[in-house]
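Those sequence lines, one after another, are chains A and B.
Everything in the first sequence is counted per the numbering used here, starting at 2 for the first residue and increasing by one.
Everything in the second sequence is counted per the numbering used here, starting at 37 for the first residue and increasing by one.
Calculated directly from the structure, the hints in this document are not laboratory data.
Note that the Cβ used here is the ideal one computed from N, Cα and C, for glycine as well.
Wrong hints could be hidden among the right ones.
SDA-like mimics (lysine to any residue), calculated; alpha carbons at most 25 Å apart, straight line [said to hold, decoys possible]:
| id | chain 1 | residue 1 | chain 2 | residue 2 |
| --- | --- | --- | --- | --- |
| 1 | A | Lys-40 | B | Gln-107 |
| 2 | A | Lys-40 | B | His-172 |
| 3 | A | Lys-8 | A | Asp-41 |
| 4 | B | Lys-193 | A | Lys-159 |
Interface residues of chain B toward chain A, partial, derived using beta-carbon atoms under 7 Å [claimed, not checked]:
| id | residue |
| --- | --- |
| 5 | Arg-81 |
| 6 | Ile-83 |
| 7 | Leu-95 |
| 8 | Ala-183 |
| 9 | Ser-245 |
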Amino acid sequence: MDKTALKDLQSDDRLKLKALYNRYRAEFLNFGRRYNLDKDDLADVYQEAFLALRKRAIQGKLNAIDSSMKTYLFAIGKFKIYDALKSKKREIPYETQLHIVEAELPEVEIDTEQPLTEKQLLLRTYLKELGEKCRQVLTMFYYRGLSIEEIAKHAEYKNENTVKAQKSRCLKTLRQLCNR
Amino acid sequence: MDKETLLEKYLQDKLNEPEWQEFNDLLKSDPDFRAEAEFQMDVRRAITTEEDENFMNILADFETEARVAEQRTASTEEQTEAHREAPKTKSFPKKWLVAASIALLAGLTYFFTANQTANPHDLFTENFVPYRNVTHPITRGEETNDAKNQAFLAYSKGNYQEALPLFTALYTSAKEPYYLFYKANALIQLNRAEEAIPLLQEHLQTDDSLTDKSTWYLAMAYLQLEDTKKAKEALKKVVEMNTYKAKEAKQLLEEL
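Full structure from sequences and hints, please.
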């Protein structure tokens, strides 16, 4: 996969992300038309696919992928289109499924997520009560999947032990908020 | 491997086969470890949802911007189309040509003078998008149909008229400040900014996770009403707070 594009995707740079978003958007909306979804639905699907792509990128899951970013994005998109059709209780035409669709799109499975549990919803509100430092370290660890060592380097901590201490302090606060 | 490292690796999908085995054995034999693992899995899920939604909001902005750009190119294309068709109408009487050039001149003068300070209502149209529903995510195909779900479903689908009374009722019974925010957004979209303003002001008094967004929407409401002075005041506050839409507010202030 294109290294520069991948790096842009992993970044928080709004302009670069927007350029990537726009790079494949028109073509995707065009590709999706054959499934009889309207533009708003397709834009939603495209956004979901783009999010899934970025998550994989920041978790380092795309580094070893050979196919191009576009091919991969469209593969996720195709999966999401089927999902959207299913939820609209529309039949997926046999033809589109087997013949017309680009044969080279790899199968990319996406887990369908369960709604948050009561506890998880609570945790989400409590996360907002944590300080900036906490949110940063937790996001790096749980969302970006950075190792303690990487976090120490990235966020300019003294060493790995300080990161660990910070992380457990934050978790402790969260636990206390839950037990209030 | 110590328990902590094992759990860390698990949470980041980095366990290999023998480590998986070890991890599973610990889950069974050590209730404290199990509780800790479950807690951190919940934290991970909560953070993931939060981050995903933040990013989806950014993407929604990209989409809006892309559509605004499309509309702009579409209208320039129409203009060039019109130019191309012009030569077809040959031999125009001369006096019409004179009249046309005067009209064109007047038009251009208007265009240039009008453009010096942008019309607040145009700026409103370019900048206002109702805030995405982040409070109550609608899961596709979900069957539960309580009042809250109905309200947010209507809102997410763009049925603002339908959402209004639902938000009013919900706010009366539950007093959650975010209902004020979404109701105000719906009102602005329905060209009823006057009614949205008091709601946003009330929302600003609360300490809700959406409060930092309210000032921007207050500015949007004033723009819709073409109250440039108050819109500017609100935009300045948005810039000062330097969180939600600060960049956009700065740019708007320059245009106003």
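For each hint, the structure was consulted:
Between Lys-40 (chain A) and Gln-107 (chain B) the alpha-carbon distance is near 14 Å, which keeps this suggested pair within the 25 Å criterion. Taking the CA atoms of Lys-40 (chain A) and His-172 (chain B), the gap is about 24 Å. The hint holds against a cut of 25 Å. A threshold of 25 Å between alpha carbons decides the hint, and for Lys-8 (chain A) with Asp-41 (chain A) the separation of about 29 Å lies outside it, so the pair is violated. Taken as a hint, the Lys-193 (chain B) and Lys-159 (chain A) pair is broken in the structure, with Cα atoms around 49 Å apart against an allowance of 25 Å.
The interface hint given for Arg-81 (chain B) is met, as the beta carbon of that residue sits about 5 Å from the closest beta carbon of chain A, less than 7 Å. For Ile-83 (chain B), the interface hint holds, since its Cβ comes within 7 Å of a Cβ in chain A; the closest pair sits about 5 Å apart. This hint holds: Leu-95 (chain B) has a C-beta 4 Å from the nearest C-beta of chain A, less than the 7 Å allowed. Evaluation of the Ala-183 (chain B) hint against chain A yields a violated restraint, the C-beta minimum of about 18 Å exceeding 7 Å.
Look at Ser-245 (chain B): its Cβ gets to within about 6 Å of chain A, closer than 7 Å, so that hint holds up.
Comparing the model with each numbered hint stated earlier shows that hints 3, 4 and 8 do not hold.
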